[in-house]
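Residue numbers (this note's numbering), protein chains in the order written: chain A, 1 to 314; chain B, 1 to 159.
Note that these hints are calculated values from the structure, not bench results. Just to be clear, a hint being listed does not mean it is correct.
Mimicking DSS-like on lysine-lysine, the simulated pairs with C-alpha atoms at most 25 Å apart in a straight line are [said to hold, decoys possible]:
1) A:Lys211 - A:Lys261
2) B:Lys39 - A:Lys42
3) A:Lys39 - B:Lys142
4) A:Lys42 - B:Lys142
5) A:Lys186 - B:Lys117
6) A:Lys8 - B:Lys2
7) A:Lys247 - A:Lys211
8) A:Lys186 - B:Lys142
9) A:Lys41 - B:Lys2
10) A:Lys41 - B:Lys3
11) B:Lys117 - B:Lys142
12) A:Lys39 - B:Lys39
13) B:Lys3 - A:Lys39
14) A:Lys253 - A:Lys211
15) A:Lys41 - B:Lys39
16) A:Lys42 - A:Lys247
17) B:Lys142 - A:Lys8
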Amino acid sequence: MKGCDYYKPETVGDASRLMASLDGARYIAGGTDVMVLIKQKKLSPAHLISLRNIRELSLLDTSDGLSIGSGVTHSRIVRDAWIRDRYSALVDATQKIGSPQVRNVATVAGNICNAAPSADTACPLLVLDAKIRIAGKKGERIVAIEDFFLGPNRTILEQGEIVTAIAIPKLDENSGSAYIKHTRRKAMELPLVGIAARITLDAADRAPGWKESLRNAPNAEALPGMLEAAGIVCRDVRIAMGVVSPKPMRARKAEAALEGKVVSEALLDEIGALAASESQPRDSFRGEAWYRKDMVQVLVRRAVLMSIERIVNA
Amino acid sequence: MKKIITLDINHEHYEVAVEPNQTLLDTLRYQLGLTGTKKGCEVGDCGACTVIMDGVTVNSCLVLAMQAEGRQITTIEGLETKEGMHPLQTAFVEKGAIQCGFCTSGMILSARVLLDKNPEPTEEGIRRGIAGNLCRCTGYQKIVEAVQSAADGMKEGHQ
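So that you can see chain A by itself, here it is in the shape it has in the complex:
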């Protein structure tokens, strides 16, 4: 590594000013991606500006929905029971990223700023309608997560801008979400395909105890039939897919097919097939395109059912 300078500003403003005044500077937060790029000589910053000492970035605020400061690590999300109950998909993703050692320093914001097509937190944030708060020279702007990614390792962030927080709105109490990371091994792995779903079950006109009656499904395969019999409608359907296109994407046709409908076996097959048709996976050494498409079909069904199971078991 060639020499470089290291700064540790204590406010976002100071960090921005440093970035503007230094040539060839790079922000570093958890560092688990930046350090690897430096080691691989893909990056050789003249200055490193650490964001770790900016206290406001380490806040986790639950007063209105959930606001995740950009300094918040995956480990903090994983061990937060309040988040696990409400935003399960995000916990599914954060607890499977890298290793314990990586999760202890890597930040959720860093995961999306790195913008790998395989970024695990991207799909949960897409289905949870997350918004990204960005500070820059011109002040603050807020961008929907769907508009944040441009392509592999590319985002809309302009020179010097800092993601300050990820804001997730409050969800209906009858909402559930899930993220399924499809991998060959259980840990230290990137997904072959990642699928997230979020569903709200329409509880209007439901007699008390409707959830309990759905809780006793003898197995997961019995649940679609029980839901169909109960006639419960799905609302606010979100389905997101990772690793199947240059950037994480929503499966809009599949979402539309389930929106306002009652789940059934036939419908689950249909939305799985729709999502697979919307995906554009490629062949890579990690997995072939045909296999990834097949897995989209399987996992969309599973993620939707898992989201619903979480609602009825809450």
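Dock chain B against chain A, hints included.
Using the frame of chain A, we list chain B on its own:
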């Protein structure tokens, strides 16, 4: 340009001059002679360089020395006390959980943090706890047994 920082390692203070882009791993090994921390992949995949920082494990190859300033660092050298080796170290020796030994320091530190948080882990819990440490010799079985045995021994020791 090098900067002088103070590192708190195994409850001792070390004043060292480091390059701003120098890793904690290189500082431990080449400047402080603490070679129990191993240098493996250098990109955060293998866990051989694991140390404990403020109570949690980190890959010291991904942490800059400058970022470790003011934090409490524990390396494998910090586990032994006047009474002798840490129960995890003893268990690793007794159970044959060490073959080439390259992963051992990191394994033991990950296991130490695991047992600090959960003194009675299940086998699944142990496997999750050491998920960030690769071993290419043992197939993990004897390592898992060693952690289990240390946990059992430490529990009895407290009673």
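Verification of the hints:
Restraint check: the Cα-Cα separation between lysine 211 of chain A and lysine 261 of chain A comes to about 18 Å, which is no more than 25 Å; the hinted pair holds. A hinted pair counts as satisfied when its Cα atoms are at most 25 Å apart, and lysine 39 of chain B with lysine 42 of chain A qualifies at roughly 21 Å. Our distance criterion of 25 Å between C-alpha atoms is broken by lysine 39 of chain A and lysine 142 of chain B, whose separation comes to about 33 Å. Pair hint lysine 42 of chain A plus lysine 142 of chain B does not hold up; C-alpha atoms about 39 Å apart against a cutoff of 25 Å.
With a CA separation close to 22 Å, the supplied pair lysine 186 of chain A and lysine 117 of chain B stays within the 25 Å bound. A distance of roughly 16 Å separates the Cα atoms of lysine 8 of chain A and lysine 2 of chain B; the hinted pair therefore holds under the 25 Å criterion. Straight-line distance between C-alpha atoms of lysine 247 of chain A and lysine 211 of chain A comes to about 36 Å, which puts the hinted pair past the 25 Å bound. Straight-line distance between C-alpha atoms of lysine 186 of chain A and lysine 142 of chain B comes to about 19 Å, which keeps the hinted pair within the 25 Å bound.
For the hint linking lysine 41 of chain A to lysine 2 of chain B, the alpha-carbon distance of about 21 Å falls within 25 Å, and the restraint holds. Of the supplied pair hints, the one linking lysine 41 of chain A and lysine 3 of chain B holds, its CA atoms being roughly 23 Å apart against a limit of 25 Å. Restraint check: the Cα-Cα separation between lysine 117 of chain B and lysine 142 of chain B comes to about 22 Å, which is no more than 25 Å; the hinted pair holds. With a C-alpha separation of about 13 Å, the suggested pairing of lysine 39 of chain A with lysine 39 of chain B holds against the 25 Å cut-off.
Restraint check: the Cα-Cα separation between lysine 3 of chain B and lysine 39 of chain A comes to about 21 Å, which is no more than 25 Å; the hinted pair holds. Straight-line distance between C-alpha atoms of lysine 253 of chain A and lysine 211 of chain A comes to about 28 Å, which puts the hinted pair past the 25 Å bound. For the given pair, lysine 41 of chain A sits about 18 Å from lysine 39 of chain B by alpha-carbon distance, which is consistent with the 25 Å threshold. With a C-alpha separation of about 21 Å, the suggested pair lysine 42 of chain A and lysine 247 of chain A falls inside the 25 Å cut-off, and the hint holds.
Between the alpha carbons of lysine 142 of chain B and lysine 8 of chain A the distance comes to roughly 43 Å, so the proposed pair goes past 25 Å and is violated.
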